[in-house]
Amino acid sequence: MQIDRADMKLLIEAGYSGVMRGIDTDMRPVFEAISTWMPQFGAGRIGLALIEMVAGDFPEADRILTEVIASDLEGKAEAQAVLAMCKVLENQQAEARRLAEELRGEGGHAEAFADLLVNGADETTQGPAGLAAESGVSSAPPGAIGQRTTT
Numbered sequence: 001m002q003i004d005r006a007d008m009k010l011l012i013e014a015g016y017s018g019v020m021r022g023i024d025t026d027m028r029p030v031f032e033a034i035s036t037w038m039p040q041f042g043a044g045r046i047g048l049a050l051i052e053m054v055a056g057d058f059p060e061a062d063r064i065l066t067e068v069i070a071s072d073l074e075g076k077a078e079a080q081a082v083l084a085m086c087k088v089l090e091n092q093q094a095e096a097r098r099l100a101e102e103l104r105g106e107g108g109h110a111e112a113f114a115d116l117l118v119n120g121a122d123e124t125t126q127g128p129a130g131l132a133a134e135s136g137v138s139s140a141p142p143g144a145i146g147q148r149t150t151t
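Just so you know, we're using this note's numbering here: the sequence shown kicks off at 1 and counts up by one.
Treat the hints as calculated values from the structure; they're not laboratory data.
Note that beta-carbon positions come from the ideal geometry of N, C-alpha and C, so glycine has one too.
Among the clues, some could well be false.
To be verified - With beta-carbon atoms standing in for the labels, derived distance ranges:
(1) E67 with Q92: 16 to 24 angstroms
(2) A94 with D7: 38 to 46 angstroms
(3) S71 with G105: 33 to 41 angstroms
(4) E95 with D4: 35 to 43 angstroms
(5) M8 with N91: 32 to 40 angstroms
Sequences and hints are given; from them, build the entire structure.
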């Protein structure tokens with residue numbers, strides 16, 4: 001089966017989002033399929049670790065993520081950022097900080113995610129406007145969402 005990279009990215013994002021939003025559907029088959037279709041990437045294994053974290057099985061999530069980090073799979077930095085999140089949830093702040101510090105200088109989403117988890121929102125460049133501030137787009141005024149404007 002040949003799957004386009006953009007479609008695979010969408011499937012990964014949908015899977016991660018489903019787990020993080022607590023959707024009741026078992027997302028395990030999605031992440032197992034991702035691992036089968038893209039065996040060089042850690043995304044499927046990271047998704048399985050997220051499932052374990054949401055279920056409260058932090059040791060199993062830790063084990064899966066540690067395996068990804070020690071492997072030759074692409075996505076080690078992302079696995080390390082999620083492992084930092086796991087450590088925060090386990091109240092292991094020192095270990096979470098160490099993991100985040102190791103990502104410093106890597107750039108990208110993994111570093112920003114780990115920094116946000118460990119150091120809080122004050123350390124990020126995005127204020128309350130979020131990405132809208134960086135893109136030059138203004139935030140909608142309160143109550144304007146879902147209302148149509150006519151010109």
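Going through the hints against the structure:
The beta-carbon spacing between E67 and Q92, approximately 18 angstroms, falls within the hinted interval of 16 to 24 angstroms. A beta carbon spacing of about 40 angstroms between A94 and D7 agrees with the range 38 to 46 angstroms that was offered as a hint. Between S71 and G105 the Cβ separation comes to about 22 angstroms, which falls outside the hinted range of 33 to 41 angstroms. The hinted window of 35 to 43 angstroms between E95 and D4 holds, with their beta carbons roughly 38 angstroms apart.
For the pair M8 and N91, the supplied restraint of 32 to 40 angstroms holds, since their beta-carbon distance comes to about 35 angstroms.
Consistency note: the structure conflicts with earlier hint 3 alone.
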